[in-house]
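Trainee: Here the protein sequences line up with chains A and B, keeping their order. Residue numbering for the first sequence follows the working numbering, starting at 72 and increasing by one per position. Residue numbering for the second sequence follows the working numbering, starting at 72 and increasing by one per position.
Rather than coming from a laboratory, the hints here were simulated on the basis of the structure. Check each hint, because a few of them may be wrong.
Identical copies look the same in the list; a pair holds intra-copy or inter-copy alike.
[Stated by the list, open to error] Think about it this way: if two alpha-carbon atoms lie no more than 27 Å apart in a straight line, the pair counts; the simulated DSSO-like pairs of lysine-lysine are:
{"no.": "1", "residue 1": "151", "residue 2": "305"}
{"no.": "2", "residue 1": "257", "residue 2": "313"}
{"no.": "3", "residue 1": "170", "residue 2": "151"}
{"no.": "4", "residue 1": "117", "residue 2": "267"}
Listed here are the chains, written in short residue letters.
2 protein chains.
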Amino acid sequence: MRFCSLFEKNTSLNTKKSEAYFRREDYIENLSYDSVIFGFNGKQLKILILEYHNTSLFALPGGFVRRNENLDEAVKRGLKERTGLQHIYLEQFHTFGSKGRSDPQAMKRILEANRHNRREHEWMLDRFLTVAYYALINYDEVNPQPDEFSDSINWYPIDELPPLMMDHREIVEKALQTLRDNLEKKLVGMNLLPAKFTMKQLQQVYEAILGEKLRRTSFQRRLLGMDILERHEKLYQGRAHKAPYLYSFRLNDMNDIEQSITLLNK
Amino acid sequence: MRFCSLFEKNTSLNTKKSEAYFRREDYIENLSYDSVIFGFNGKQLKILILEYHNTSLFALPGGFVRRNENLDEAVKRGLKERTGLQHIYLEQFHTFGSKGRSDPQAMKRILEANRHNRREHEWMLDRFLTVAYYALINYDEVNPQPDEFSDSINWYPIDELPPLMMDHREIVEKALQTLRDNLEKKLVGMNLLPAKFTMKQLQQVYEAILGEKLRRTSFQRRLLGMDILERHEKLYQGRAHKAPYLYSFRLNDMNDIEQSITLLNK
DNA sequence: CATTATTGTCTCATTTTGTTACAATAATAC
DNA sequence: GTATTATTGTAACAAAATGAGACAATAATG
Numbered sequence: 072m073r074f075c076s077l078f079e080k081n082t083s084l085n086t087k088k089s090e091a092y093f094r095r096e097d098y099i100e101n102l103s104y105d106s107v108i109f110g111f112n113g114k115q116l117k118i119l120i121l122e123y124h125n126t127s128l129f130a131l132p133g134g135f136v137r138r139n140e141n142l143d144e145a146v147k148r149g150l151k152e153r154t155g156l157q158h159i160y161l162e163q164f165h166t167f168g169s170k171g172r173s174d175p176q177a178m179k180r181i182l183e184a185n186r187h188n189r190r191e192h193e194w195m196l197d198r199f200l201t202v203a204y205y206a207l208i209n210y211d212e213v214n215p216q217p218d219e220f221s222d223s224i225n226w227y228p229i230d231e232l233p234p235l236m237m238d239h240r241e242i243v244e245k246a247l248q249t250l251r252d253n254l255e256k257k258l259v260g261m262n263l264l265p266a267k268f269t270m271k272q273l274q275q276v277y278e279a280i281l282g283e284k285l286r287r288t289s290f291q292r293r294l295l296g297m298d299i300l301e302r303h304e305k306l307y308q309g310r311a312h313k314a315p316y317l318y319s320f321r322l323n324d325m326n327d328i329e330q331s332i333t334l335l336n337k
Numbered sequence: 072m073r074f075c076s077l078f079e080k081n082t083s084l085n086t087k088k089s090e091a092y093f094r095r096e097d098y099i100e101n102l103s104y105d106s107v108i109f110g111f112n113g114k115q116l117k118i119l120i121l122e123y124h125n126t127s128l129f130a131l132p133g134g135f136v137r138r139n140e141n142l143d144e145a146v147k148r149g150l151k152e153r154t155g156l157q158h159i160y161l162e163q164f165h166t167f168g169s170k171g172r173s174d175p176q177a178m179k180r181i182l183e184a185n186r187h188n189r190r191e192h193e194w195m196l197d198r199f200l201t202v203a204y205y206a207l208i209n210y211d212e213v214n215p216q217p218d219e220f221s222d223s224i225n226w227y228p229i230d231e232l233p234p235l236m237m238d239h240r241e242i243v244e245k246a247l248q249t250l251r252d253n254l255e256k257k258l259v260g261m262n263l264l265p266a267k268f269t270m271k272q273l274q275q276v277y278e279a280i281l282g283e284k285l286r287r288t289s290f291q292r293r294l295l296g297m298d299i300l301e302r303h304e305k306l307y308q309g310r311a312h313k314a315p316y317l318y319s320f321r322l323n324d325m326n327d328i329e330q331s332i333t334l335l336n337k
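Using the sequences and the accompanying hints, generate a full structural model.
Mentor: Right, here's the structure in full:
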């Protein structure tokens with residue numbers, strides 16, 4: 072049995088059977104990353120949360136940075152493990168570095184619950200600073216893998232989160248705040264919706280992020296006025312009313328708009 | 072002679088005379104901070120830049136984080152050393168973690184130029200991730216101390232920076248971008264001006280940050296309409312025209328506005 | 001074919017911003 | 001004193017953006 076995926080599937084494990092562990096010397100010390108992975112199911116904004124088996128401890132998916140890899144790439148790597156998706160929209164938003172933020176007790180419980188409370192993992196009980204990222208993914212394309220190493224991962228609506236360990240709650244709050252601040256600037260909707268979507272869907276994304284209702288007519292006029300949407304065929308939903316048009320984001324003349332787009336983010 | 076203030080006055084130096092050095096074990100490894108310290112001289116936006124003696128290497132003031140201190144406090148500590156000011160407006164904006172961002176060659180030159188190329192400092196040649204902060208200070212209240220340990224520190228206008236080492240240029244660019252994005256939200260002007268200022272001064276701060284001219288009447292009407300300014304006595308400048316009023320930021324009913332204020336930042 | 005809910009768009013009121021104009025005023029020059 | 005000067009505060013109007021409501025078009029349903 073290999074070490075539980077505390078933070079990631081470790082593809083550079085020490086390979087001797089039953090001796091696999093995170094080798095301290097492979098990673099930057101006292102530094103981790105955590106990711107707040109947002110998805111939108113059509114109604115609610117949700118976040119991927121890990122649960123460590125036999126501990127009732129919930130946490131954000133995170134990991135460590137290898138000595139020979141870029142910080143950004145470490146996070147992308149972790150995200151690919153978790154969601155199977157590459158080229159995800161990803162943005163760093165804060166680094167949390169209070170000296171009291173780590174919780175050696177909880178970490179110990181996790182290690183023990185997975186029978187990995189060996190000397191080689193003691194470094195994980197030390198203080199950690201963590202660089203936090205948020206990711207925006209298309210909910211429908213993702214199958215969060217109930218992790219092979221004894222922990223589970225699930226979607227939780229942002230207003231129904233379980234109690235999170237350490238300062239992960241604070242991290243989520245700050246992620247959400249940043250998302251709100253960036254809503255217009257970074258065309259957030261683009262990364263939470265399928266390629267083609269109705270105006271109503273787009274409005275629902277905005278409402279879910281802002282946490283407030285928007286006026287339909289003003290919203291529609293404003294978004295169309297921004298000249299970033301392309302109109303496509305109608306969508307016949309089989310329901311008794313006028314069929315809405317489908318739209319997509321126009322990727323051409325985005326001179327002004329910050330190019331923080333999945334496609335350009337590769 | 073003590074170790075040059077590579078990044079800060081080290082107040083926890085190993086105390087044996089002529090053996091003083093940054094002890095590796097006192098600090099979080101592979102992690103530093105850098106600060107982009109903005110000041111406004113009435114016309115231009117400026118930044119504090121260090122020059123390492125005998126190297127012609129220019130850099131942002133930075134430092135290391137002690138194992139037993141908060142990240143934020145490490146930065147405040149460094150800032151106090153540099154400017155003599157406490158309770159500075161300070162904001163973290165990004166963590167830079169490319170694996171290639173460190174420059175061991177340059178670091179070696181700095182250490183050698185100060186005769187500190189000893190074994191105990193070899194860890195400084197390793198890879199470093201850096202958490203970047205920007206600070207806003209009242210230019211007039213600050214005497215950047217030409218550092219006792221052989222390096223100098225000076226104000227440079229943001230559009231006349233010397234060539235900076237490593238990725239410090241990129242760090243400055245990002246700091247400026249963040250400052251622009253936060254201009255309205257965080258009442259930046261408050262921290263770059265004296266307590267009382269004229270409308271013209273305030274406008275000049277805005278213009279220096281945005282890098283563009285603003286319409287006087289619109290600016291004045293908008294700022295007054297925000298209801299955050301308090302009007303005081305007139306300022307007689309001894310010049311042949313109508314005397315402007317002095318204003319200050321109103322610190323009372325700032326419910327809406329994010330409380331990112333020097334005074335509250337203590 | 002009438003009913004129904006939803007969508008796209010129009011209109012008008014309200015608010016915000018751009019632009020111009022102008023009176024008030026401190027010093028200076030005479 | 002008094003005219004001159006540059007700057008400031010504010011008013012006035014135009015243009016643009018947003019709020020609020022109305023309404024016709026239209027897919028399904030019964």
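Trainee: Next, verify each hint and record whether it holds.
Mentor: How the hints compare with the structure:
Taking the closest pair of Cα atoms, residue 151 and residue 305 never come within 27 Å of each other, the shortest separation being 34 Å inside a single copy and 62 Å across copies. Taking the shortest alpha-carbon separations for residue 257 and residue 313, neither the intra-copy value of 31 Å nor the inter-copy value of 45 Å comes in at or below 27 Å. When the C-alpha separation of residue 170 and residue 151 is checked against a cutoff of 27 Å, the pair qualifies only between copies, where the shortest distance is 20 Å, while the shortest distance within a copy is 30 Å. In this homomeric assembly, residue 117 and residue 267 come within 27 Å of each other (Cα to Cα) only inside a single copy, at 20 Å, whereas the closest approach across copies is 46 Å.
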